[in-house]
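Number of protein chains: 2
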Amino acid sequence: MNESFLQACRGERASHTPVWMMRQAGRYLPEYQKVRGTIPFLELCKRPELCVEVTLQPLKRFDMDAAILFSDILIPIEAMGAELSFHEGKGPLIANPCRDAEAVGRLKVAEPANDMPFVQETIRLLRRELDVPLIGFAGAPFTCATYLIEGGSSKFFHETKKMMFGQPGLFHRLMDKISETVIRSLRAQAEAGAQALQLFDTWAGVLAPCDFEVFALPYVQRIFRKLRDLNVPLIYFANNGATLIDLSAQSGAHVLGLDWRMDIGDAARRIGRLAVQGNLDPLALFLPPDELKERIGRLLNGARDACGHIFNLGHGIHQQTPPEQVRLAVEFVHELSAR
Amino acid sequence: MNESFLQACRGERASHTPVWMMRQAGRYLPEYQKVRGTIPFLELCKRPELCVEVTLQPLKRFDMDAAILFSDILIPIEAMGAELSFHEGKGPLIANPCRDAEAVGRLKVAEPANDMPFVQETIRLLRRELDVPLIGFAGAPFTCATYLIEGGSSKFFHETKKMMFGQPGLFHRLMDKISETVIRSLRAQAEAGAQALQLFDTWAGVLAPCDFEVFALPYVQRIFRKLRDLNVPLIYFANNGATLIDLSAQSGAHVLGLDWRMDIGDAARRIGRLAVQGNLDPLALFLPPDELKERIGRLLNGARDACGHIFNLGHGIHQQTPPEQVRLAVEFVHELSAR
Chain A
1 MNESFLQACR GERASHTPVW MMRQAGRYLP EYQKVRGTIP FLELCKRPEL CVEVTLQPLK
61 RFDMDAAILF SDILIPIEAM GAELSFHEGK GPLIANPCRD AEAVGRLKVA EPANDMPFVQ
121 ETIRLLRREL DVPLIGFAGA PFTCATYLIE GGSSKFFHET KKMMFGQPGL FHRLMDKISE
181 TVIRSLRAQA EAGAQALQLF DTWAGVLAPC DFEVFALPYV QRIFRKLRDL NVPLIYFANN
241 GATLIDLSAQ SGAHVLGLDW RMDIGDAARR IGRLAVQGNL DPLALFLPPD ELKERIGRLL
301 NGARDACGHI FNLGHGIHQQ TPPEQVRLAV EFVHELSAR
Chain B
1 MNESFLQACR GERASHTPVW MMRQAGRYLP EYQKVRGTIP FLELCKRPEL CVEVTLQPLK
61 RFDMDAAILF SDILIPIEAM GAELSFHEGK GPLIANPCRD AEAVGRLKVA EPANDMPFVQ
121 ETIRLLRREL DVPLIGFAGA PFTCATYLIE GGSSKFFHET KKMMFGQPGL FHRLMDKISE
181 TVIRSLRAQA EAGAQALQLF DTWAGVLAPC DFEVFALPYV QRIFRKLRDL NVPLIYFANN
241 GATLIDLSAQ SGAHVLGLDW RMDIGDAARR IGRLAVQGNL DPLALFLPPD ELKERIGRLL
301 NGARDACGHI FNLGHGIHQQ TPPEQVRLAV EFVHELSAR
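Protein chains in written order, with my numbering: chain A, 1 to 339; chain B, 1 to 339.
To be clear, the hints were calculated from the coordinates, so they are not data collected in a lab. All of these numbers come straight from a predicted model, not from anything done at the bench. One thing to keep in mind: the hints can contain errors.
The list makes no distinction among identical chains, and a pair is therefore deemed to hold if it is satisfied within one copy or across any two copies.
[Claimed, not checked] Okay, derived cross-link-like pairs now, DMTMM-like style, lysine to aspartate or glutamate, Cα gap no bigger than 20 Å in a straight line:
| id | residue 1 | residue 2 |
| --- | --- | --- |
| 1 | Lys162 | Asp290 |
| 2 | Lys162 | Glu324 |
| 3 | Lys162 | Glu291 |
| 4 | Lys34 | Glu3 |
| 5 | Lys34 | Glu49 |
Please construct the entire structure, taking both the sequences and the accompanying hints into account.
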């Protein structure tokens with residue numbers, strides 16, 4: 001078992017800097033496209049044997065130090081009662097957006113064993129195959145709330161903020177229900193075998209720090225507090241969250257994920273005793289190999305004083321990325337960080 | 001003449017904190033919708049008498065301390081040879097995206113007197129009407145380059161970064177041409193009567209600081225250096241630019257515009273002798289009046305030690321904003337900052 005990822009999460013010194021990449025199982029891989037070509041995305045997420053196949057694809061090609069469950073951050077949202085669908089090029093759509101007290105009241109707190117059994121089944125199957133740690137995950141409550149309220153992706157998050165600012169009580173009730181679902185989902189994933197848990201707060205970065213502190217952070221804190229007894233590393237990734245980092249450091253996470261906009265050395269200095277995960281611009285994988293190597297070297301050097309560093313991208317792999325460049329990046333991280 | 005805006009730009013103490021709002025002339029105003037209902041957006045931008053009317057609309061309703069020319073950041077791009085069009089709900093489209101040496105070679109450096117005379121004419125007409133300062137503007141080179149390369153708005157700026165990382169020489173040639181066009185356009189605006197000039201770098205925030213420093217900042221610096229002799233305040237707004245702020249402070253601007261993600265007090269401390277402009281979340285205009293007032297009070301207090309503060313939103317006014325809330329916000333700023 002390759003323990004480097006878990007060691008770095010705990011702030012221990014590993015033989016090298018571990019690396020995994022967000023969306024490492026994804027559309028840039030022809031073998032993923034082949035599986036996806038035969039089946040709609042949401043159905044794929046519910047077929048454990050296919051999720052296992054897809055999760056393992058990048059590990060067969062590249063020397064990744066961790067695997068991440070193939071699933072979607074909106075799976076628990078669907079289990080709460082959202083009518084979810086995915087449309088090529090449009091992202092997720094929710095046919096029954098949740099914008100009033102009645103709609104919030106109708107949402108149920110999901111029960112993983114009944115409502116998302118395929119997630120835990122995928123994890124159980126994966127653990128038999130893997131010799132690197134397996135990361136489970138969920139969407140953070142604020143991010144889930146934006147999808148529920150907007151009915152999909154958004155540019156300005158107008159409906160979300162209108163509810164936040166105009167009906168804060170209702171917004172908090174919604175966040176309560178989502179948080180309870182997320183707690184149950186992550187606990188079930190850990191009990192099924194996930195060895196680390198990551199909360200993706202994809203849209204946290206649209207909040208001013210004063211609003212993040214009131215409307216988003218308390219729920220992240222509650223989730224991590226309730227999961228502390230599982231004794232698995234807890235990772236919080238607040239995308240576009242540079243101005244939230246001092247608050248994110250109080251989330252209760254063991255590891256903070258960083259998007260690519262922030263200097264990793266600056267971040268490490270500010271968050272003190274937490275490990276950092278990140279943060280190469282995914283598009284930097286289009287650099288010529290020698291420049292890619294130089295940039296990875298600078299990144300590793302910037303993170304050298306961090307209390308644990310897991311190399312990752314600052315966002316998911318772009319689908320046009322040549323797999324060969326991913327292979328090179330993994331190789332460079334291992335070569336340049338070998339101790 | 002109300003000088004408070006220009007005083008704040010120069011770091012002088014005014015009788016109150018001046019206020020204007022990005023997109024103050026826009027779709028949230030029924031009188032704007034009425035003008036727009038009769039004419040396509042791009043045509044409106046080229047009709048000086050209508051641009052004057054639309055620019056003045058918010059000043060008739062609200063006690064704004066500055067006016068901003070009604071135009072679009074892509075007007076100079078069209079003048080360079082881009083086949084620009086606007087489509088409701090889709091934003092700008094450029095039919096001939098600029099992705100290779102031939103396309104970059106074909107672009108011309110625009111000549112404002114010939115290629116955008118309507119902009120200067122609008123400014124000349126406006127100056128006869130206004131008793132507050134008039135702000136001229138342009139898109140910053142990086143932002144203009146993204147539209148030219150992507151052919152419109154983008155989510156990941158994949159084509160832009162592919163050129164940046166894969167063909168840096170070509171990218172720099174493109175930035176050269178855009179910068180020269182921007183310099184000419186802003187100079188012509190000042191000569192026509194614009195009393196301050198703002199560069200909008202809407203997409204700067206998608207760059208890691210190390211890339212911003214190499215691919216975007218040098219062009220902003222060149223533009224401001226070349227315009228220094230005009231003796232008008234120069235404002236740089238790098239949207240989503242919290243992690244770029246130390247670099248932006250070296251841009252040569254007199255004033256830095258801030259989006260809403262950053263605490264304005266933190267920003268003011270970091271940029272030292274520059275004035276700050278910003279930075280209320282535009283969606284905070286949906287707060288109940290008493291909370292809106294409280295938030296504006298906190299913002300003014302946060303900026304109290306800044307070397308000049310111009311109150312603004314952190315982004316354009318959202319089109320669903322009730323005009324009454326805009327009126328209240330302006331009133332609160334004036335009331336709470338009166339000296």
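Structure-based check of all given hints:
Within a single copy, lysine 162 and aspartate 290 get their C-alpha atoms only as close as 48 Å, which misses the 20 Å cut-off; across copies the closest is 16 Å, which meets it. Proximity of lysine 162 to glutamate 324 under the C-alpha cut-off of 20 Å is restricted to the inter-copy arrangement: shortest distance 16 Å between copies versus 45 Å within a copy. For the homomeric pair lysine 162 and glutamate 291, the shortest alpha-carbon distance between copies (13 Å) is at most 20 Å, but the shortest distance inside one copy (45 Å) is not. Taking the shortest alpha-carbon separations for lysine 34 and glutamate 3, neither the intra-copy value of 31 Å nor the inter-copy value of 65 Å comes in at or below 20 Å.
Taking CA atoms no more than 20 Å apart as the test, lysine 34 paired with glutamate 49 passes inside one copy only; the shortest distance there is 15 Å, against 58 Å between copies.
Hint compliance for this structure: hint 4 is the single one not met.
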